[in-house]
Amino acid sequence: MLASGIMDEDAGSMLRVLESGAGAVVTKSIGQVQRKGHPNPTFVELDCGILNAMGLPNPGIDEYITELKELKKQNGIIIGSVFGSNAEEFTEVAFKMNAYVNALELNFSCPHAEGYGLEIGQNPKFVSEITSSVVNAVSVPVYVKLSAQVNDIASIATAAEEAGANAIVAINTLKAMSINLEVKKPILGNKTGGYSGKAIKPIGVKAVYDLYDHLSIPIIGVGGVETGLDAIEYILAGASSVQIGTAVYTRGIMVFDRICKEITKWMESHNVQSISDLIGVAH
Amino acid sequence: MMDKIITSKIIKDTIENECVKTIMFNHAEPIEPGQFYMIWIPGIDEIPMSVSVIQQKKKGITFRTVGKATKALFQKTKNDIIGIRGPYGNGFSLKGEKILFVAGGTGIAMIAPAVEQAIKKNKVVDVILGAKTKKDLFFINRLKQTKATMHLSTDDGSIGFKGFATEKANELLLTNSFDAVYTCGPELMMKKLYQICLKSNIIFEASLERYMKCGVGLCGQCVVGKGIRVCVEGPVFSKSMLKDIPDFGVFNRDASGKKQLL
Numbered sequence: 163m164l165a166s167g168i169m170d171e172d173a174g175s176m177l178r179v180l181e182s183g184a185g186a187v188v189t190k191s192i193g194q195v196q197r198k199g200h201p202n203p204t205f206v207e208l209d210c211g212i213l214n215a216m217g218l219p220n221p222g223i224d225e226y227i228t229e230l231k232e233l234k235k236q237n238g239i240i241i242g243s244v245f246g247s248n249a250e251e252f253t254e255v256a257f258k259m260n261a262y263v264n265a266l267e268l269n270f271s272c273p274h275a276e277g278y279g280l281e282i283g284q285n286p287k288f289v290s291e292i293t294s295s296v297v298n299a300v301s302v303p304v305y306v307k308l309s310a311q312v313n314d315i316a317s318i319a320t321a322a323e324e325a326g327a328n329a330i331v332a333i334n335t336l337k338a339m340s341i342n343l344e345v346k347k348p349i350l351g352n353k354t355g356g357y358s359g360k361a362i363k364p365i366g367v368k369a370v371y372d373l374y375d376h377l378s379i380p381i382i383g384v385g386g387v388e389t390g391l392d393a394i395e396y397i398l399a400g401a402s403s404v405q406i407g408t409a410v411y412t413r414g415i416m417v418f419d420r421i422c423k424e425i426t427k428w429m430e431s432h433n434v435q436s437i438s439d440l441i442g443v444a445h
Numbered sequence: 404m405m406d407k408i409i410t411s412k413i414i415k416d417t418i419e420n421e422c423v424k425t426i427m428f429n430h431a432e433p434i435e436p437g438q439f440y441m442i443w444i445p446g447i448d449e450i451p452m453s454v455s456v457i458q459q460k461k462k463g464i465t466f467r468t469v470g471k472a473t474k475a476l477f478q479k480t481k482n483d484i485i486g487i488r489g490p491y492g493n494g495f496s497l498k499g500e501k502i503l504f505v506a507g508g509t510g511i512a513m514i515a516p517a518v519e520q521a522i523k524k525n526k527v528v529d530v531i532l533g534a535k536t537k538k539d540l541f542f543i544n545r546l547k548q549t550k551a552t553m554h555l556s557t558d559d560g561s562i563g564f565k566g567f568a569t570e571k572a573n574e575l576l577l578t579n580s581f582d583a584v585y586t587c588g589p590e591l592m593m594k595k596l597y598q599i600c601l602k603s604n605i606i607f608e609a610s611l612e613r614y615m616k617c618g619v620g621l622c623g624q625c626v627v628g629k630g631i632r633v634c635v636e637g638p639v640f641s642k643s644m645l646k647d648i649p650d651f652g653v654f655n656r657d658a659s660g661k662k663q664l665l
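Protein sequences appear in the order of chains G and C. Numbering-wise, the first sequence is residues 163 to 445 according to our numbering. Numbering-wise, the second sequence is residues 404 to 665 according to our numbering.
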């Protein structure tokens with residue numbers, strides 16, 4: 163599936179991603195009100211990945227609903243990503259999205275927006291309170307997206323599971339910085355950003371592996387998945403599905419279709435009948 | 404990799420008119436007219452800019468002061484540092500043997516290297532430089548040095564044809580047999596030209612401008628139509644591609660992604 167924050171500005175983009183082989187798309191993270199996000203540069207390419215600090219730009223839930231309505235006319239599976247600074251904000255947006263999406267993903271892990279994302283998601287008490295509030299207000303499954311940059315991801319995920327979360331999504335980009343030597347200043351407008359791509363895959367795989375030991379709900383793996391083999395590695399660690407973000411840049415928009423074919427090819431050559439036979443096999 | 408920011412000292416800056424400036428920098432990688440760079444103004448912003456001067460080892464951008472970023476860039480002079488990534492996107496195809504270029508306002512900046520390229524390819528070229536008034540025009544002398552037939556057009560008639568560039572274009576299209584029209588300028592002007600060119604088989608390409616963030620097709624900020632990324636699939640679009648872009652001449656999106664009518 164498509165990870166949040168990539169090619170999900172409007173219904174048309176997400177439709178294009180679905181037609182490129184994605185099984186589902188996650189919307190960009192939406193909040194109560196319009197938000198411009200951080201000033202450019204918001205994107206920097208580095209040696210082993212990319213750094214971004216978009217800063218949760220979104221037109222606000224009331225405006226974004228029109229995109230979701232448009233998308234709902236099609237047959238794709240849509241997961242609505244929600245951010246907020248407290249239970250009330252999360253719940254209001256989630257409630258408004260509920261009718262138009264197949265599931266919700268709560269953003270507890272954006273590393274570059276003050277007062278949101280990771281700043282809330284590193285505290286199991288907040289995660290539990292917000293998750294439970296959203297679960298009680300909506301009818302669709304609720305996924306919780308966590309960061310690997312916390313003391314103990316398993317305890318936070320467990321708090322989410324106990325609060326009623328239906329799946330855990332791990333991981334988000336990792337807090338990082340790049341400084342230009344000539345200008346002698348951080349490049350990103352926000353100075354701090356989130357690092358993604360191939361370099362963070364082992365960190366994501368380790369997080370999923372740890373979560374698998376502690377949870378009974380499904381895990382969705384994210385972080386550096388570029389090929390079918392990367393996806394299989396996440397699945398062996400315990401993921402039931404994976405999300406793709408940066409690889410849309412490194413391999414193009416058809417990456418979804420290509421990864422699916424690579425998974426099938428690997429399964430055939432290893433005599434695997436069903437992908438579910440692979441989940442958590444590395445344990 | 405072309406997507407990494409390369410910092411470069413400004414080697415020359417030229418004031419073109421009251422609000423328009425050209426900045427030159429060392430950049431050896433080839434670029435086609437219509438393609439663009441993401442220009443980093445350290446501490447201020449990063450913005451997409453079409454190439455306006457193409458030399459083998461040096462490239463240039465020409466811009467009007469319209470916002471915070473271009474105002475800051477306008478202040479930059481020789482030896483100041485800017486960051487460059489790119490080139491990005493697709494340029495003009497320059498198909499056809501008898502070509503009409505229509506540039507409106509700051510669109511002149513990206514049309515100028517396209518005219519020069521077309522002349523180099525031995526095409527027969529007419530170019531309309533349009534603006535609100537005489538003092539908004541630039542690159543007149545530069546283009547006079549080419550073999551292109553120049554037509555100036557101002558809304559107030561302070562120089563050349565009095566009226567919109569589209570009216571001048573319509574007049575030329577009726578009296579000549581062009582096989583291609585390439586345009587860059589205000590979107591409503593380009594939309595009008597597009598509608599004129601829809602009536603015939605003439606080749607038509609227009610360069611669209613949208614708010615951009617990543618510039619490489621990842622963030623989705625600049626999408627039009629059904630997930631068409633202006634930074635990757637554009638910024639120059641052909642007539643057949645524009646048919647699939649209902650946004651064209653109707654709306655764009657601000658930094659938050661909210662639609663704004665043009």
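Some hints here could point you the wrong way.
As the list claims (entries may be wrong) - Label-pair distances were calculated between CB atoms; the ranges are:
hint, chain 1, residue 1, chain 2, residue 2, range
1, C, 604, G, 235, 44 to 52 Å
2, G, 228, C, 525, 45 to 53 Å
3, C, 481, G, 422, 40 to 48 Å
4, G, 260, C, 604, 46 to 54 Å
5, C, 649, G, 198, 41 to 49 Å
6, G, 422, C, 538, 35 to 43 Å
7, C, 471, G, 346, 37 to 45 Å
8, G, 264, C, 641, 33 to 41 Å
9, C, 407, G, 264, 49 to 57 Å
10, G, 228, C, 646, 21 to 29 Å
To be verified - Dumping the calculated DSS-like pairs for lysine-lysine here, alpha-carbon to alpha-carbon at most 27 Å:
hint, chain 1, residue 1, chain 2, residue 2
11, G, 353, C, 479
12, C, 471, C, 662
13, G, 337, C, 662
14, G, 198, C, 662
Just so you know, the hints here were simulated from the structure itself, not pulled from any lab data. Quantities reported herein were computed from a predicted structural model and do not represent experimental measurements. Even glycine gets a Cβ: it sits at the ideal position worked out from N, Cα and C.
Okay, the hints, checked on the actual structure:
1. C:604 - G:235: 44 to 52 Å: 35 Å, violated
2. G:228 - C:525: 45 to 53 Å: Holds - the Cβ-Cβ distance for residue 228 of chain G and residue 525 of chain C, about 50 Å, lies within 45 to 53 Å.
3. C:481 - G:422: 40 to 48 Å: Hint violated: Cβ distance 53 Å, outside 40 to 48 Å.
4. G:260 - C:604: 46 to 54 Å: 50 Å, holds
5. C:649 - G:198: 41 to 49 Å: At roughly 25 Å between Cβ atoms, residue 198 of chain G and residue 649 of chain C fall outside 41 to 49 Å, so the hint is violated.
6. G:422 - C:538: 35 to 43 Å: 58 Å, violated
7. C:471 - G:346: 37 to 45 Å: Given range 37 to 45 Å: violated, Cβ gap about 22 Å.
8. G:264 - C:641: 33 to 41 Å: 37 Å, holds
9. C:407 - G:264: 49 to 57 Å: With a Cβ separation near 38 Å, residue 407 of chain C and residue 264 of chain G fall outside 49 to 57 Å, so the hint is violated.
10. G:228 - C:646: 21 to 29 Å: 23 Å, holds
11. G:353 - C:479: Within the cut-off at roughly 22 Å; holds.
12. C:471 - C:662: 21 Å, holds
13. G:337 - C:662: 31 Å, violated
14. G:198 - C:662: 13 Å, holds
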